Structures are given as structure tokens and as C-alpha cells.
Amino acid sequence: MYGRKGFKLISELDLYSDILPFNEALIKEILQEMQSLYDANVANSNAIRNDNNMALLPSVQLRHIALKRNKRCILAYIYNRMRKLKELRWELGSILPPEINTNLINAEVQWFQSYNKSLAKYMRSLGEDHGFNLTTNMVPPKTLYVEVKCVEDFGKLELDDGQVILLKKNTYHLLPRSVCEPLIRQGILEHKST
Amino acid sequence: MKQPLASTQPYVPLRLRRTQKPYEAEIGIEHLSFGTLHLTSFYTVLYSISNHNPTCWSSTEKFLITNNFLCEISNMENNGDVQMTAEDDVQEEEEVTAQSVLLAIEEAWLNEKFAPEILPHRSDLVDCMLQQITHMEENMKRLDKEDLRLMIHRMELDRIKYVITNYLRARLEKIEKYTIHILSQEATRSSEECYLTVAELQFAKEFLANIEMLFKTIALQHMPGNFQTFEVDTLTVKPNLQAYVFLRANDRINGIIVPGSMDEEIDLEPGSQHIIQYSAVADLVKSGAVKLI
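As given, the protein sequences belong to chains U and L, one line each in that order.
Numbered by the UniProt record's numbering, the letters in the first sequence go through residues 1 to 194 in order.
Numbered by the UniProt record's numbering, the letters in the second sequence go through residues 1 to 293 in order.
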């Protein structure tokens, strides 16, 4: 049945919240389906025009709708992957972890880089000289310091006032919120709420 | 208590000159002591806040109130300056205190947060506040580390930063979501009444170009015949202007027509609160006659 593969593509998006490997094979199949539908339509519409065979009109319309639906499914698939990618940019910063990078295709990696570039350009334009980072201060600040647990070995971390601390696995620290916010999002620190 | 702390006051009032360059701010640094008088009023403010029973406030409200409270502190410290500038009261020069800018930006932030569509930008406020932040940070470096004020000011600074980043982020999110719609609307506006700043406009254009590029390279160029086009019309996402919003009226407004209800007209009293369709009050939000809450 026409359009079933497109639906499969969308349900794949819906079922998993992570970015899966780009389903190139399925997209290729859908594109093939579109091509055959299109060819059939061209042949039929020629027949309509030349022989005035109106009986073919409904099937042309049906195929046209199936074509449009397929296109919509593919674009939705690409768009939603892009949206997830965009969320990752805000969460993890400009460098993607390798396990996600392997699931992307070239065009998506390129998109990510250009998105990075325009976002960085925008953030630089704020403020007077060195710009203003919009990816910090994601949650309303309640306290200046937060208690965090270190989940991974991270090494030395320099605070704003020049103090250097060592982040080792399973140690507890009381750190300024602004410093550990990115580290918490990257999963190196864990927020201990008391 | 130690010596009277005669150090630099981190909260700097600034003046905007409306005549020549619109947003060139003059920053003056003043020296004030944080004496007993200030501490007394500090506790008065603290007490008067606790009277309002904070437990029933939502977190945003609490946040705003503490923020205003901090403003009050800095305002108390600014008193000397206010009197001083009253003397050289030149007509073209408009006195804008950091507090009034902060209040204005908070209102802009809440409006942007709750309005379904993008609102005219307030980059004047953002620039002003960012300048202020840099100055406060400079001044705070000079404070003693054990100083009580350092903690308060740093907390205040974090809150202000959060408001600004959240405001700008909310705008970016809208731009990314409604890119095509916003760009087409923006094209009809003249450069003075643009809703986006120059940088935002550029970001929007680049974002759209990137999406188009992505769609084309992966899928569109492999599609048959006339399905290859990037159909701007079908891909447009429009904000839902029929969404309902909470608002509080700043001024008295007569004759708002409530859509869909036999053209019923209502009047808003100053300070009254309403739930209404956004499309009915969109212009009022933009003009500042009502604020979204």
C-alpha cells in the first residue's frame, strides 16, 4: 500500500526519543516508491490528455496524494531529527559526543556546524565586546552554591576566582552554580538536592 | 562591626541621552557607605516582604519579588545620586535608573514568555542591562571576599542574567519555530518598526537557509520532477494567536472586542486581571497598555 513506508519512518521517530542511525535504506525505498508513482502518473496524465480517457483521473489523484504524503513524511523525519540535534546543541555544547556523531549523515553534521556558527555569531553580537553566552543560566537561580557529586573523573577545574579544585569520582563539592551548570548537563557532576 | 565600608558601590546609575546617540550611557561611580541606616531599612524591607505570606506565591512571583527587593536595596543606596541629578535637570536628558531598566526588562521578558507570537525587540533594554552587568562585575572584583554585599550582589546578578538569557532564548526559540512566518512578516515592515534586531534577522535567515540546504541535500534533490521544490507555503508554521493569555491592565482601556462572542465589548480597569484571547489584545501588549502574567 502506498505511503506505508513513510508511516514506518514517522513511527520510528515517535518510538525512540534518542537520535537513531539515519534510516537511509528506508528513505531510499520511499524515494523509489515516489519515482514509480510519478512515472505512472506521467503516463496516465499523458493518456488523459491524448485519448481523453477520464476514467484514469481518480487514480492519478490518488497517486498524487500518496506522493505528497511521502514527501511530507520524509521532510518531517529530517526536520524532527534536526530539532533533536538542536536541543543537543543547547544541552551539550558545540561538540557532539561520538555515539551521536556516528548516527548522523554528512548533511546533518554540516547542518549542525552551520547552526553552531550562526548561533555563535548571534551570541557574539550581544553585549559590548565579547558577547553574552545564552547557554548558561538555563534554570532560575535559587542559591549561589550547589552541592554536587562527581560522577566521573574530570581532573582539575579552575573557579572564577582562580581557585583550583580536583574533581574525582565519588567526591562531594560545594561549588558556585554558574561553574557547575555546564558540567551537570554534561553528566560529569550530579546535583544533590537536600 | 569593622570600619564603615567605604568602598565602591556596585550598583551604578546610568543616564541615557535621548538627543544624540540614543543609547549611549554615561556611567558614574559614586562612593557610599553601607552604614547602620541602610541596614535598618534593609530589615524593614525584609520584614514587609515576609508579611505578605510568601508560601502561597508561585516560584516566578517569589523570584520577581525578591528581585524587586534587591532593587530596593540598591535603590536605597542610590538615593544620594537621585538628589544630585535633580539639580542638573536638563530637559533633553532622561534619567534612567538601573532599577527602572530592570523592571522594564522583566516586563518585556514576561510578555515574550507568554505571548504566542514574537514581540518587537527591546534591544535597548538588553544592551543597557548587559552594560550594567559588566560594570557590576568590575566593581564586585574590588570588594572584599568576606563582604556581605558580595553575596547579595552576586545573587542579584545571577538573577538578572537569568532574566536576560531567558528572554533572549525565548525569542530565539520563536524565531526557530516560526522562521518562515516571521521572515515574511518582517519583510513587510520598515527598518524602524522591525520586530527583530539585525543580529536576530540574520540568524533567522541563516537558519532558514540551513534547513533548506539540509532538506535539499538529503531528500528533495532525489525526488521526482516538481516535487523537488522547497514549498515555503506548506512548510510555514504560524503561531496560534487564538491562544488564551493571562494579563494585567496597566492603563484604562475601553472597548476591547472579545472575538467569537457576538462582538461583546469589555473595558479594562487599571490593575485588573483577565484571561482573554491573545489576538484581541496583541496590539495592547505591544504598546505596553497591558502586561502578560
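If you're looking for bench data, these hints aren't it; they were derived computationally from the structure.
These numbers come from a predicted model, not from an experiment.
Keep in mind that the hints are not guaranteed to be accurate.
[To be verified] Calculated pairs, BS3-like style, for lysine-lysine (alpha carbon to alpha carbon, straight line, at most 27 Å): (1) U/Lys121 - L/Lys145; (2) U/Lys117 - L/Lys141; (3) L/Lys113 - U/Lys28; (4) L/Lys291 - U/Lys84; (5) L/Lys216 - U/Lys5; (6) U/Lys84 - U/Lys8; (7) L/Lys113 - L/Lys205; (8) U/Lys117 - U/Lys142; (9) L/Lys291 - U/Lys121.
[What the hints assert, rightly or not] Computed Cβ-Cβ distance ranges for the label pairs, DEER-style: (10) U/Ala25 - L/Glu264: 49 to 59 Å; (11) U/Arg124 - L/Met151: 44 to 54 Å; (12) L/Thr229 - U/Asn23: 22 to 32 Å; (13) L/Ile152 - U/Gly162: 38 to 48 Å.
[Said to hold, decoys possible] Away from chain L, derived, C-beta distances all over 12 Å, residues of chain U: (14) Leu96; (15) Ser118; (16) Thr135; (17) Asp153.
Virtual Cβ for every residue (Gly too), placed ideally from N, Cα, C.
Checked hints:
1. At roughly 35 Å between alpha-carbon atoms, U/Lys121 and L/Lys145 are farther apart than 27 Å, so this suggested pair is violated.
2. Distance restraint check for U/Lys117 and L/Lys141: the Cα-Cα separation of roughly 32 Å exceeds the 27 Å cut-off, and the hinted pair is therefore not satisfied.
3. Under the criterion of a C-alpha separation no larger than 27 Å, the hint pairing L/Lys113 with U/Lys28 is inconsistent with the structure, at around 41 Å.
4. The hinted pair formed by L/Lys291 and U/Lys84 fails the criterion: a straight-line CA distance of about 33 Å is larger than 27 Å.
5. The hinted pair formed by L/Lys216 and U/Lys5 meets the criterion: a straight-line CA distance of about 20 Å does not exceed 27 Å.
6. The straight-line distance between the Cα atoms of U/Lys84 and U/Lys8 is roughly 19 Å, inside the 27 Å bound, and the hint therefore holds.
7. For a cut-off of 27 Å, the pair hint linking L/Lys113 to L/Lys205 stands: about 23 Å separates their Cα positions.
8. At roughly 32 Å between alpha-carbon atoms, U/Lys117 and U/Lys142 are farther apart than 27 Å, so this suggested pair is violated.
9. For the given pair, L/Lys291 sits about 31 Å from U/Lys121 by alpha-carbon distance, which is inconsistent with the 27 Å threshold.
10. Distance hint for U/Ala25 and L/Glu264: a CB-CB separation of about 58 Å, consistent with the stated range 49 to 59 Å.
11. Checked against the given bound of 44 to 54 Å, the beta carbons of U/Arg124 and L/Met151, roughly 31 Å apart, lie outside it.
12. Our hint of 22 to 32 Å for L/Thr229 and U/Asn23 holds, since their Cβ atoms are close to 24 Å apart.
13. Checked against the hint of 38 to 48 Å, the pair L/Ile152 and U/Gly162 fails, with Cβ atoms roughly 22 Å apart.
14. No beta-carbon of chain L comes within 12 Å of the beta-carbon of U/Leu96; the shortest separation is about 16 Å.
15. The beta carbon of U/Ser118 sits about 4 Å from the closest Cβ of chain L, which is not more than 12 Å, so the claim that it is off the interface is violated.
16. Interface exclusion of U/Thr135 from chain L breaks down, the closest Cβ pair being 8 Å apart, not more than 12 Å.
17. For U/Asp153, the requirement that its beta carbon stay farther than 12 Å from each beta carbon of chain L is met, with the minimum near 29 Å.
Checked against the numbered hints listed earlier, the structure breaks hints 1, 2, 3, 4, 8, 9, 11, 13, 15 and 16; every other hint is satisfied.
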